[in-house]
Amino acid sequence: MGREGIKNYYRTKIEEAELTINEKTQNLRRLEAQRNALNAKVRLLREELQLLQEPGSYVGEVVKLMGKKKVLVKVHPEGKYVVDIAPDIDINQITPTCRVALRNDSYTLHKILPNKVDPLVSLMMVEKVPDSTYEMVGGLDKQIKEIKEVIELPVKHPELFESLGIAQPKGVLLYGPPGTGKTLLARAVAHHTDCKFIRVSGSELVQKYIGEGSRMVRELFVMAREHAPSIIFMDEIDSIGSSRIESGSGGGDSEVQRTMLELLNQLDGFEPTKNIKVIMATNRIDILDPALLRPGRIDRKIEFPPPSEAVCNNLNS
Numbered sequence: 001m002g003r004e005g006i007k008n009y010y011r012t013k014i015e016e017a018e019l020t021i022n023e024k025t026q027n028l029r030r031l032e033a034q035r036n037a038l039n040a041k042v043r044l045l046r047e048e049l050q051l052l053q054e055p056g057s058y059v060g061e062v063v064k065l066m067g068k069k070k071v072l073v074k075v076h077p078e079g080k081y082v083v084d085i086a087p088d089i090d091i092n093q094i095t096p097t098c099r100v101a102l103r104n105d106s107y108t109l110h111k112i113l114p115n116k117v118d119p120l121v122s123l124m125m126v127e128k129v130p131d132s133t134y135e136m137v138g139g140l141d142k143q144i145k146e147i148k149e150v151i152e153l154p155v156k157h158p159e160l161f162e163s164l165g166i167a168q169p170k171g172v173l174l175y176g177p178p179g180t181g182k183t184l185l186a187r188a189v190a191h192h193t194d195c196k197f198i199r200v201s202g203s204e205l206v207q208k209y210i211g212e213g214s215r216m217v218r219e220l221f222v223m224a225r226e227h228a229p230s231i232i233f234m235d236e237i238d239s240i241g242s243s244r245i246e247s248g249s250g251g252g253d254s255e256v257q258r259t260m261l262e263l264l265n266q267l268d269g270f271e272p273t274k275n276i277k278v279i280m281a282t283n284r285i286d287i288l289d290p291a292l293l294r295p296g297r298i299d300r301k302i303e304f305p306p307p308s309e310a311v312c313n314n315l316n317s
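Position 147 of the sequence shown, counting from 1, maps to 147 under the working numbering, and the rest follow consecutively.
No wet-lab data here; the hints were simulated from the structure.
Hints are not guaranteed to be accurate.
[Unchecked claim] In silico SDA-like links for lysine to any residue, alpha-carbon gap of 20 Å or less:
{"hint": "1", "residue 1": "274", "residue 2": "169"}
{"hint": "2", "residue 1": "70", "residue 2": "111"}
{"hint": "3", "residue 1": "128", "residue 2": "275"}
{"hint": "4", "residue 1": "64", "residue 2": "266"}
{"hint": "5", "residue 1": "196", "residue 2": "228"}
{"hint": "6", "residue 1": "64", "residue 2": "111"}
{"hint": "7", "residue 1": "70", "residue 2": "86"}
[To be verified] Simulated restraints, written as ranges between beta carbons of each label pair:
{"hint": "8", "residue 1": "269", "residue 2": "301", "range": "17 to 23 Å"}
{"hint": "9", "residue 1": "66", "residue 2": "163", "range": "48 to 54 Å"}
{"hint": "10", "residue 1": "163", "residue 2": "269", "range": "46 to 52 Å"}
{"hint": "11", "residue 1": "301", "residue 2": "163", "range": "35 to 41 Å"}
Glycine included, C-beta positions come from ideal geometry on N, C-alpha and C.
Based on the sequences and whatever the hints tell you, model everything.
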């Protein structure tokens, strides 16, 4: 082998070594990237583990501020407590009805939680102001007069109730056969009061899993407060509001009863002066639980009978 051959031999060996070095360098960089990704994942898992090992917090709802360092909080279902506010919390961000976290050991308010609205609730129909009017409702003059008294008057003139010292009505029940104008009249009163119209069917609140239906009811009223002034229209209320004797004793029926009890709690818990009104509709008033129909929950029951022949003639003329 001559001198030129030796040069070519070593040149080839050097090129092979350089290729090997390049491959090893690329492998090293890839492994370093994988190591960094795994280290980041380990850090996240350690942080998550630390959070899981911390004592759980209670979730409460602010009722009102009690000075600059204390706040009255409602914790479901225990009751109401006056609690301290952690130093790092901005008191200006604490408002009535906002959700907060309380330490497990001292009940100190240490975090302000975002208002949570269930995705299923957000899919419920919300109209800013319906375009229906009383003029579109034919043959229901008596029903229009009654719903004006119980819904429109308190919203437009709350001072009348304050001057008389009487509580505003909270809710009204519209009952009668299907197709008699219950939904149309509910939309019309929302239009004339400039209220947002939140429509939900009672059957949508019948949920398979324990606690889901009652949670949706709570979130529904949270959404109504955020959209106030608002009218909650609950169609087919008999789906969740039927008598406990009629409902039986199965597991599904027990969940329906939990949902109805949460609805009763919400009806008892909100102030009618907050511009939230509830309109319920059914074609089976005979099976509704008497607890749902008590004054202070349902303050007026308005019947929608089938239209008479004279009314039909007037509508067709």
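Honestly, which of those hints from before does the structure not fit?
9, 10, 11
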